Amino acid sequence: MRRFTESFFAIFLCLGIVGCASVPTGFLKPSSDYLANRQLQMRQYDTTDQEKIMSSVASVLQDLGFTLDASETQVGFVAASKRADATNKGQMFLAGLADALNALGGHPSNSMAACDASQAIKASVITKPSLDSKKIVVRVTFQRIVWNMANQINRVETLKDPAMYQKFYDSLSKAIFLEAQSI
Amino acid sequence: MKKLKNCCGIILILFLIVSLSGCATPAVNALKSDASQVKLRSMQTRAFDTTDKKKMMQTVISTMQDLDFVIDKADYTLGSVTGSKFLGQAVVTMSITVRPRGEKQLLVRANAQYGVKSVEDPATYQDFFTALEKAIFLTAQQVD
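Taken in sequence, the protein lines are chains A and B. Residue numbers for the first sequence, in the numbering used here: 1 to 183. Residue numbers for the second sequence, in the numbering used here: 1 to 144.
It is worth saying that the hints were derived from the structure and are not from the lab. Fair warning: this is a prediction, and the values are worked out from it, not measured in the lab. Be aware that a few hints might be false.
To list a few chain A residues with every Cβ distance to chain B over 12 angstroms, as calculated [what the hints assert, rightly or not]:
1. G65
2. A79
3. K89
4. G96
5. L97
6. A98
7. K135
8. T158
9. Y169
Listed next, the in silico DSS-like pairs over lysine-lysine satisfying Cα-Cα at most 25 angstroms (straight line) [said to hold, decoys possible]:
10. K39(B) - K82(A)
11. K73(B) - K54(B)
12. K167(A) - K29(A)
13. K73(B) - K53(B)
14. K134(A) - K54(B)
15. K29(A) - K134(B)
16. K82(A) - K135(A)
17. K52(A) - K89(A)
18. K53(B) - K135(A)
19. K52(A) - K167(A)
20. K29(A) - K54(B)
21. K134(B) - K53(B)
22. K52(A) - K73(B)
23. K117(B) - K135(A)
24. K134(A) - K39(B)
25. K82(A) - K117(B)
26. K160(A) - K89(A)
27. K160(A) - K53(B)
28. K3(B) - K52(A)
29. K29(A) - K104(B)
30. K160(A) - K82(A)
31. K39(B) - K135(A)
32. K55(B) - K73(B)
33. K134(A) - K53(B)
34. K54(B) - K117(B)
35. K104(B) - K134(B)
36. K117(B) - K52(A)
37. K29(A) - K3(B)
38. K174(A) - K135(A)
39. K73(B) - K3(B)
By construction, the Cβ of each residue, glycine as well, lies at the ideal position given by its N, Cα and C atoms.
Turn these sequences into a full structure, and let the hints steer you where they fit.
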């Protein structure tokens with residue numbers, strides 16, 4: 001009887017785990033920090049020349065090592081991506097240590113394979129006139145996908161590091177300034 | 001020996017369950033959706049009293065960005081915008097089309113996918129249109 005209950009329980013557990021995951025709700029609601037994100041991702045430029053801003057954006061993306069994937073000038077949109085190295089020495093050291101200790105203990109493991117190896121970073125930029133049509137608003141968003149040593153996707157995330165956005169806008173400001181000076 | 005047999009039996013049953021209950025979708029389902037076409041269209045579509053397609057598309061894009069989407073593609077002629085966002089380990093992709101409806105209105109249609117499933121919950125789309133309404137200062141009207 002006990003065996004029966006056990007196997008029944010196991011089957012039930014499997015059904016629960018394997019069953020199709022349902023679609024969550026509410027993911028199209030603005031999160032509470034969307035205003036902070038705007039502040040992070042948006043800048044205004046004192047010009048109405050959208051074309052100039054867009055070509056500067058494209059050249060800045062190239063300067064930062066991105067390749068352009070798609071664009072639509074009529075709505076002021078540019079998308080770009082790049083592949084980069086994602087190895088982290090600290091992470092690899094810990095994984096190596098864990099593997100070595102496990103091997104010594106007689107249980108060989110391969111934590112190293114789970115370490116970050118490479119990443120694809122995607123950037124998308126929108127430029128549009130501000131509400132009073134006197135300025136151009138630029139907004140950039142970054143996403144990345146990280147693969148591990150075994151070539152599996154380790155994680156996917158939207159990047160929120162202020163330094164990264166600052167670097168993009170510093171380069172953009174420089175590019176616009178340089179072009180205005182036309183040296 | 002008997003124990004081993006029992007064990008094999010259980011493993012077999014588990015294996016059957018796993019293979020039978022997985023989310024398999026054969027290629028035949030490529031054009032299938034769960035909700036009826038009309039119902040789906042009405043929850044995914046709203047009309048707005050404006051004819052400024054460019055502004056509408058730019059507002060759609062900024063609303064999507066507010067919702068953490070990264071825009072992948074946009075096309076002014078088709079009036080389409082496609083974006084994706086990450087929700088835990090799942091990828092949500094959404095595409096929006098903006099097209100004229102009569103002389104005075106624009107029709108906005110959104111459809112979202114969560115992983116391999118299409119989103120067919122009216123409340124989720126309503127959330128999006130509520131955000132869009134606020135951004136463009138116009139009322140989203142239900143169309144039949």
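Check the hint pairing K134(A) with K39(B) against an upper bound of 25 angstroms on the C-alpha distance. Violated - the C-alpha atoms of K39(B) and K134(A) are around 42 angstroms apart, more than 25 angstroms.
At 12 angstroms, judged by beta carbons, does G65(A) keep clear of chain B as stated? For G65(A), whose nearest Cβ neighbour in chain B is about 18 angstroms away, the distance exceeds 12 angstroms, so it holds.
Does the alpha-carbon distance linking K117(B) and K52(A) stay inside the 25 angstroms limit? Given pair K117(B), K52(A) is violated - Cα atoms ~41 angstroms apart, limit 25 angstroms.
With the threshold set at 25 angstroms, check whether the alpha-carbon distance from K39(B) to K82(A) stays at or below it. violated (40 angstroms)
Are the Cα positions of K160(A) and K89(A) separated by 25 angstroms at most? Cα-Cα ~22 angstroms, so holds.
Verify the proposed pairing of K117(B) with K135(A), using a straight-line Cα cut of 25 angstroms. violated (41 angstroms)
Taking the minimum C-beta separation from L97(A) to chain B, is that value above 12 angstroms? holds (27 angstroms)
For the pair we were handed, K55(B) and K73(B), check the Cα-Cα distance against 25 angstroms. holds (17 angstroms)
Please verify whether K3(B) and K52(A) have alpha carbons no more than 25 angstroms apart. Since the Cα atoms of K3(B) and K52(A) sit roughly 76 angstroms apart, the hinted pair is violated (cutoff 25 angstroms).
Hint check: K160(A) vs K53(B), CA-CA at most 25 angstroms. Holds or violated? violated (31 angstroms)
Given the hinted pair K134(A) and K54(B), is their alpha-carbon gap at most 25 angstroms? holds (17 angstroms)
For the pair supplied as a hint, K134(B) and K53(B), confirm whether the alpha-carbon distance does not exceed 25 angstroms. With Cα atoms ~17 angstroms apart, K134(B) and K53(B) stay inside 25 angstroms; holds.
Hint check: violations occur at hints 2, 8, 10, 12, 16, 17, 23, 24, 25, 27, 28, 29, 31, 34, 36, 37 and 39; the rest are consistent with the structure.
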